[in-house]
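Participant: If you're matching them up, the sequences are chains A and B in order.
Each residue of the first sequence is one higher than the one before, counting from 1 in the working numbering.
Each residue of the second sequence is one higher than the one before, counting from 1 in the working numbering.
None of these hints come from the bench; they were simulated from the model.
Don't take each hint at face value.
[Claimed, not checked] For the chain B half of the interface with chain A, some residues (derived, Cβ under 7 Å), not all of them:
hint, residue
1, ALA128
2, ARG131
3, LEU133
4, VAL237
Positions of the beta carbon are idealized from the N, C-alpha and C atoms, including for glycine.
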Amino acid sequence: MRMLRLLTVIMLLFSVAPTITAQETITVDFYFPTATATITNPEAGESIEAVFNRYAAAFEAANPGVQINVVYTGSYTDTRNTIQTEIAGGGAGPDVAVMLTTDLFSFIEEGTILPVQDFIDTMPDGEAYVADFFPAFLLNSLDEEGVIWSIPYQRSTPVLYYNVEQFAEAGFDAPPRNRQELAEMAQALTLPDGQRWGVWLPTEGFPIWLFSAFVIADGQHFVEESPSEVYFNTPQTREALDYIISLSRDYGVMPGGTLSWGDGPSIFTSGKASMLFHTTGSLTRILNEAPFEVGVAFLPSGTAGEDGTGYGAPTGGGNLYLFANSTPEEQAAAWAWIQFLSSPEIQSDWGAATGYVAARRSAWELDPLASLVARRPQYAVARDQLAFAQKEFSAYRTIDIQGIINSTLSGIISGATTDIEGALTTAQAQIDSLLAEYR
Amino acid sequence: MRHHNALGSRVADAVTTLLSLLWLSPLIFAILLSFRPPNEPITNGNIFFGSTITLDNYRAAWSVAPWLTHYLNSIIFVVGVLIVQLVTVTMAGYAFARMRFRGRDTLLLIILLQLMIPSGVLIVQNFATIRTLNLFDTHIALMLPYWGSAFGLLLMRQTFREIPFELEEAARIDGASLWQVLRHVYIPLSIPAYTAFALVSISSHWNEFLWPFIVTRSESVRPLTVGLSKLVATTDVGALYNQLMAGTLLVIAPLVILFMFFQRRFIESFARSGLK
Numbered sequence: 001m002r003m004l005r006l007l008t009v010i011m012l013l014f015s016v017a018p019t020i021t022a023q024e025t026i027t028v029d030f031y032f033p034t035a036t037a038t039i040t041n042p043e044a045g046e047s048i049e050a051v052f053n054r055y056a057a058a059f060e061a062a063n064p065g066v067q068i069n070v071v072y073t074g075s076y077t078d079t080r081n082t083i084q085t086e087i088a089g090g091g092a093g094p095d096v097a098v099m100l101t102t103d104l105f106s107f108i109e110e111g112t113i114l115p116v117q118d119f120i121d122t123m124p125d126g127e128a129y130v131a132d133f134f135p136a137f138l139l140n141s142l143d144e145e146g147v148i149w150s151i152p153y154q155r156s157t158p159v160l161y162y163n164v165e166q167f168a169e170a171g172f173d174a175p176p177r178n179r180q181e182l183a184e185m186a187q188a189l190t191l192p193d194g195q196r197w198g199v200w201l202p203t204e205g206f207p208i209w210l211f212s213a214f215v216i217a218d219g220q221h222f223v224e225e226s227p228s229e230v231y232f233n234t235p236q237t238r239e240a241l242d243y244i245i246s247l248s249r250d251y252g253v254m255p256g257g258t259l260s261w262g263d264g265p266s267i268f269t270s271g272k273a274s275m276l277f278h279t280t281g282s283l284t285r286i287l288n289e290a291p292f293e294v295g296v297a298f299l300p301s302g303t304a305g306e307d308g309t310g311y312g313a314p315t316g317g318g319n320l321y322l323f324a325n326s327t328p329e330e331q332a333a334a335w336a337w338i339q340f341l342s343s344p345e346i347q348s349d350w351g352a353a354t355g356y357v358a359a360r361r362s363a364w365e366l367d368p369l370a371s372l373v374a375r376r377p378q379y380a381v382a383r384d385q386l387a388f389a390q391k392e393f394s395a396y397r398t399i400d401i402q403g404i405i406n407s408t409l410s411g412i413i414s415g416a417t418t419d420i421e422g423a424l425t426t427a428q429a430q431i432d433s434l435l436a437e438y439r
Numbered sequence: 001m002r003h004h005n006a007l008g009s010r011v012a013d014a015v016t017t018l019l020s021l022l023w024l025s026p027l028i029f030a031i032l033l034s035f036r037p038p039n040e041p042i043t044n045g046n047i048f049f050g051s052t053i054t055l056d057n058y059r060a061a062w063s064v065a066p067w068l069t070h071y072l073n074s075i076i077f078v079v080g081v082l083i084v085q086l087v088t089v090t091m092a093g094y095a096f097a098r099m100r101f102r103g104r105d106t107l108l109l110i111i112l113l114q115l116m117i118p119s120g121v122l123i124v125q126n127f128a129t130i131r132t133l134n135l136f137d138t139h140i141a142l143m144l145p146y147w148g149s150a151f152g153l154l155l156m157r158q159t160f161r162e163i164p165f166e167l168e169e170a171a172r173i174d175g176a177s178l179w180q181v182l183r184h185v186y187i188p189l190s191i192p193a194y195t196a197f198a199l200v201s202i203s204s205h206w207n208e209f210l211w212p213f214i215v216t217r218s219e220s221v222r223p224l225t226v227g228l229s230k231l232v233a234t235t236d237v238g239a240l241y242n243q244l245m246a247g248t249l250l251v252i253a254p255l256v257i258l259f260m261f262f263q264r265r266f267i268e269s270f271a272r273s274g275l276k
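Take these sequences, add in the hints, and give me the full structure.
Facilitator: Here you go:
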């Protein structure tokens, strides 16, 4: 009898004990995609996953009672699908996730995310926190009313890479400043029979991103503040198309058709192209692989910018989002985790480890990023170009509209579409009909 | 006449060799690329090993994911699926081949309709089921949707129907129970079909990505394909084909080795079971 009572007590203890600790420990589910899995700073020598686990350990040590559950969720697209499936299937979803900045309006529409603005407003130094981010990186966080929904995290922007050795051989000691210069210099750098191309401007698959650099530099981006207005059929689009097509057709400095994005870095580092339009995300890889001195420059300025004012670039990459399904305790812990990841210390470490552009100004004054820039000034070019950068294309129905723009641009650049005027008019009409219900 | 035959067989040999080279080309390409230095892309006229043969790509690919855990999980996944499938397709195959019951043909039709539904469309529903059963992020969650197999059922039904009914009758007269009939008559006579089915099942689940990815969150239960996806998702740095090929070869190695060991048996099975 006494034995039985003792057993009951022990069993009770066992059944209660885990729930007590479960109440005390708050778990923040953190989903991260990766677009750079294998690229690690050789000096650091760790995978992206290892970097996040290191951050989580540091955060947990400083915040007892909070546990960060770091979950790899594939590519950006896989991450979006995973989260949508989980929530549609009645699951909780993550508390924090890194997702494309351009996912903003679809997640607002689905009601799955919370505006971080509510949490920023409770901070004693909220304004200073926001002001420390580069404004160009914050543009994709804002809705029409200027409410901040997401915090910049792994951000990038396209730059122009050039082969300093090949430039010197051709008698150039500086990168081109505008498109005319770029085309002429590329001609001098091109070798016959495809041995070497003057420039490699990828247009395959997802041309909208690099292409938007041209229309931004020409003064009319595809989107402005309103997510229900898209400006695709414009003189700026035609101008940029003319220029890109002329690089292969008239100047002969690029192979014809659409060029591969994925192959760009290795074509450049193997010396098969003297200049490359690519993301800053590939800077670390290119510096590591290239057996020559690599120059990094602003993208060439547009028609508006013969005086050097017409620079322009989109931004890209992923932001930190806060999810609505979490309990208030989890939300508080999740917000603390977001603040931690966006702190200057972590942004400096993350930028140096991955090559993403650290999103806060103060991060650039801290090591390891500060010393990296001192050693390799190429890292600072993308940061300085941010002064001319605009948001990445993002609107209601982002994915559908990106699809229309991408296929229209690919069709025209590859030569499959001959009626350029007609293709642009049709695409604009399709976009307008998609957006009609949001106006 | 003989001369003509010899010529014919030589032509046939040449065609087969050519075809098998064509089929082999992706594998050859992967092997070449995986041993090339990372900064030497394949270009016109330069498609063999690069300036030197290197293991760097394998080292880099190996560091990306906990591969040993992934290998173990993939093995648990495909073996766990196959064992249960063998039981279910045997029993269902027998029921539909030899038993008479009301609605049998309708039921068979409904099951076969499954073959036409792409598994992707069921993902949200399957996910909800897994959650309700509290199996999220477990090995069982990976396997559960595959425990029944319409394809396996159809294959076993056809195989069992071709076995002379007299054999079962004889066994029954000797007093064999249903289980003994299955064990001593049907199963031993259907080994080629089982082998063929096992190969199809193993290779398709070994390569399964989306479902395992959606229902798991921990590396401790995730299979090889999830590790491989880390090498694919590199849009921000450009394609790292050399590493990707090294990773792909690591992932397919067990299947390739398995196939080489059992090659003869597999080919016989496919020939006998009429599968292609």
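Participant: Could you run down the list of hints and mark each one as holding or not?
Facilitator: Now the hints, each set against the structure:
1. ALA128: Hint on B/ALA128: holds, closest Cβ of chain A at ~4 Å, below 7 Å.
2. ARG131: Hint on B/ARG131: holds, closest Cβ of chain A at ~6 Å, below 7 Å.
3. LEU133: This hint is violated: B/LEU133 lies away from chain A, its Cβ roughly 12 Å from the closest one there, beyond 7 Å.
4. VAL237: holds, 4 Å
Against the hints set out earlier in the document, a violation occurs for number 3 only.
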